[in-house]
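Peer 1: Here's the letter readout for the chains.
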Amino acid sequence: MDKFTTLTGIAAPMPLVNIDTDMIIPKQFLKTIQRSGLGKNLFDEMRYTQDGAEIADFVLNQPSYRQAQIIVAGDNFGCGSSREHAPWALLDFGIRCVISTSFADIFFNNCFKNGILPIVMPQEVVDVLMEDAKKGGNARMTVDLETQTVTTSDGQSFGFEVDAFRKHCLMNGLDDIGLTLEKAAAIDSFEARAKVARPWA
Amino acid sequence: MTAPRTLYDKIWDDHVVHQAEDGTCLLYIDRHLVHEVTSPQAFEGLRMTGRKVRAPEKTIAVPDHNVPTTLDRAKGIENEESRIQVEALDKNARDFGVNYYPVSDIRQGIVHIVGPEQGWTLPGMTVVCGDSHTATHGAFGALAHGIGTSEVEHVLATQTLIQKKSKNMKVEITGSLRPGVTAKDITMAVIGATGTAGGTGYVIEYCGQAIRELSMEGRMTVCNMAIEGGARAGLIAPDEKTFAYCMGRPHAPKGAAWEAAVSYWKTLFTDEGAHFDKVVTLKGEDIAPLVTWGTSPEDVLPITATVPSPADFTGGKVEAVQRALDYMGLTPGQKLSDIAIDTVFIGSCTNGRIEDLRAAAEVVKGKKIKVKRAMVVPGSGLVRAQAEEEGLAQIFIDAGFEWRLAGCSMCLAMNPDQLAPGERCAATSNRNFEGRQGRGGRTHLVSPAMAAAAALTGHLTDVRELMAETV
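Going down the list, the sequences are from chains A and B. Per my numbering, the first sequence starts with residue 1, numbered consecutively. Per my numbering, the second sequence starts with residue 202, numbered consecutively.
These aren't lab readings, by the way, just hints derived from the structure by calculation. Please note that a few of the clues may not be correct.
To be verified - Which residues of chain A face chain B? A partial, calculated answer using Cβ under 7 Å:
no.: 1; residue: Asp22
no.: 2; residue: Ser81
no.: 3; residue: Asp92
no.: 4; residue: Glu161
no.: 5; residue: Phe165
no.: 6; residue: Lys167
no.: 7; residue: Gly173
no.: 8; residue: Thr180
no.: 9; residue: Glu182
no.: 10; residue: Lys183
What the hints assert, rightly or not - Below, a list of computed lysine-lysine pairs in the DSS-like style, where the Cα atoms sit at most 30 Å apart:
no.: 11; chain 1: A; residue 1: Lys183; chain 2: B; residue 2: Lys479
no.: 12; chain 1: B; residue 1: Lys467; chain 2: B; residue 2: Lys442
no.: 13; chain 1: A; residue 1: Lys195; chain 2: B; residue 2: Lys366
no.: 14; chain 1: B; residue 1: Lys455; chain 2: B; residue 2: Lys467
no.: 15; chain 1: A; residue 1: Lys195; chain 2: B; residue 2: Lys368
no.: 16; chain 1: B; residue 1: Lys211; chain 2: A; residue 2: Lys195
no.: 17; chain 1: A; residue 1: Lys167; chain 2: A; residue 2: Lys40
no.: 18; chain 1: B; residue 1: Lys211; chain 2: B; residue 2: Lys484
no.: 19; chain 1: A; residue 1: Lys167; chain 2: B; residue 2: Lys455
no.: 20; chain 1: A; residue 1: Lys40; chain 2: B; residue 2: Lys211
no.: 21; chain 1: B; residue 1: Lys292; chain 2: B; residue 2: Lys276
no.: 22; chain 1: B; residue 1: Lys484; chain 2: B; residue 2: Lys368
no.: 23; chain 1: B; residue 1: Lys479; chain 2: A; residue 2: Lys195
no.: 24; chain 1: B; residue 1: Lys253; chain 2: A; residue 2: Lys3
no.: 25; chain 1: B; residue 1: Lys566; chain 2: B; residue 2: Lys211
no.: 26; chain 1: B; residue 1: Lys366; chain 2: B; residue 2: Lys479
no.: 27; chain 1: B; residue 1: Lys442; chain 2: B; residue 2: Lys479
no.: 28; chain 1: A; residue 1: Lys167; chain 2: B; residue 2: Lys484
Stated by the list, open to error - With beta-carbon atoms standing in for the labels, derived distance ranges:
no.: 29; chain 1: B; residue 1: Asp273; chain 2: A; residue 2: Asn138; range: 22 to 32 Å
no.: 30; chain 1: B; residue 1: Arg252; chain 2: A; residue 2: Gln34; range: 11 to 21 Å
no.: 31; chain 1: A; residue 1: Pro63; chain 2: B; residue 2: Thr271; range: 38 to 48 Å
Built from N, CA and C at the ideal position, the CB exists for glycine as well.
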């Protein structure tokens, strides 16, 4: 997993609420057995017509936003299925940070496993960031995970909360499984206890 | 004397392997269900790091999303990518030695139907799967939720998950349901009341008389859609119905172990005075047969209502409703019961169990469909066999339904069962998202009885009217 420390980039505005995982990556692209290569199909049905032509007014097709690395989104982003293909597709496109008023739980978790930072902000801050994102390709937003701040292109800064353990893993690009395997003895002893207490499990 | 605890608190406490100072826990996982779509990258990760599956005996795999449900499926999967994905699961199950129900096995079916059916899912367990509808298993008083593929790999390698505890939410359904109203209507009513983000950050415990009166099948339907309300999991405290359902299942404990298990399971309830962070109460009598009109499960109304207008909403929902109405091809003020239906889909992990098929067959019996196509896709090979034995299959076939083999099918349309652009479907599944059942397809979520009613009339229909006819 790539580290996440600071990011300065173009933010794409997607004010629609309830952007679900079927929109982010439709099911026909879940048949892959790889993690990579999904970026071209990110938001596929919003981004392309049935015959594969680009839909010009979709935000990521606009020249200003083709290089976006941040999405500022409406409420409840990532609702729906558990498919990790959603963050894989975002990452493959180049998105490293999504900012919204809320995220669906599984999507939120999945982001951290892939070096993507999901940031929850109150509505009034998301409104300011959405306006900043609408300025297009000449505006740059900065996300600093160390100081936990987002700074708009005109210098307004907003703090955000992030779980300390997840921050540590993101900043150092750590692999969860490696960390957990260090606790193998604790897992062994839990299993030994459970075998007595709940042998049917 | 310990402080009063919720059911969620109790299951959580019994599975904590390690707790860090910041509250992050390593939680032990009793059952890991696996399907072909969200697992190949996880198994590949194990291979690349030389890791094994820590507890293959607690890992259960079954292909369901990609499998064809047509009667000729023994000839193999035509779509190459789908075939590769199912073959990858065959190979991974074999290489890593996990429990496996291949496509050719009569016990094959939708993972969330197979788990309970085979007795893998038991009260008080932690159950995960790379699938959001893992919430289904909460009906047994098991803490069950969906995980991503990285977490699938984590559970395969360590039999644990890194978790922070969610908050407790109580959803109480008081009183009894009226005739024609089902578990599906309860779960959609709750989402209608709380919104699709209303449960975010919570584990829901469903309780109250109407929940207690549901069968295990109905309880699974309710918990299945907890995720559609944004909750991490849904739970229902186990009771005699739960024990009766589990007893004698292939992987349920037997003899003295059964007795010990039941005495533990009887401790799994929320203590008097335990704290809930959020409480929602609905009256069972007030719930009507429901349908969705939009592209989010929260876009739900009684069948007697009319299509709303964007002006009825505020904030970001105004734009979303306009977009939904355009997508669905609906006009504000139109009666929901006037909406013509092309296709009816009965099945899925929400409503593909035997009781769902019984409810639909009761409505359909002796009548003919008026829609272009209607299909029943049983949730497992065993549900299919039982429905045939009970004569339900013949009722559906006589009425003009296609009688399919088990799988996820048109719920998410990863196999050939898909809607064409503009095709309108009454579906017993769980998501009405844009494109969910096929690009441009229009989904109305309903109960099995309501889906059957729509099949007979060719439009969304209040099943209570058909019931009145037969009385």
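Peer 1: Holds or violated: Lys292(B) and Lys276(B), Cα atoms, limit 30 Å.
Peer 2: With a Cα-Cα distance of about 19 Å, the restraint between Lys292(B) and Lys276(B) holds, given a limit of 30 Å.
Peer 1: May I ask you to test the interface hint for Asp22(A) with respect to chain B, counting a Cβ-Cβ separation under 7 Å as satisfied?
Peer 2: holds (4 Å)
Peer 1: For the pair we were handed, Lys195(A) and Lys368(B), check the Cα-Cα distance against 30 Å.
Peer 2: It holds: about 29 Å lies between the C-alpha atoms, which stays within 30 Å.
Peer 1: For the pair supplied as a hint, Lys167(A) and Lys455(B), is the alpha-carbon distance within the 30 Å limit?
Peer 2: violated (46 Å)
Peer 1: Closer than 7 Å between Cβ atoms is the bar; does Thr180(A) clear it against chain B? Give me holds or violated.
Peer 2: holds (5 Å)
Peer 1: For the pair we were handed, Lys183(A) and Lys479(B), check the Cα-Cα distance against 30 Å.
Peer 2: Violated, at about 34 Å.
Peer 1: What's the verdict on Lys566(B) and Lys211(B), does the C-alpha distance respect the 30 Å limit or exceed it?
Peer 2: Outside the cut-off at roughly 45 Å; violated.
Peer 1: Holds or violated: the hint that Ser81(A) contacts chain B, with Cβ atoms closer than 7 Å.
Peer 2: Status holds, d = 5 Å.
Peer 1: For the pair we were handed, Lys479(B) and Lys195(A), check the Cα-Cα distance against 30 Å.
Peer 2: violated (35 Å)
Peer 1: With a cut-off of 30 Å on the C-alpha distance, tell me whether Lys195(A) and Lys366(B) pass.
Peer 2: holds (24 Å)
Peer 1: Checking hints one by one. Is Glu182(A) an interface residue toward chain B, by the C-beta closer than 7 Å rule?
Peer 2: violated (10 Å)
Peer 1: Would the hint linking Lys167(A) and Lys40(A) be met if the CA-CA limit is 30 Å?
Peer 2: Holds - the C-alpha atoms of Lys40(A) and Lys167(A) are around 29 Å apart, at most 30 Å.
Checked against the numbered hints given earlier, this structure breaks hints 3, 4, 6, 7, 9, 11, 19, 20, 23, 25, 28, 29; the rest are met.
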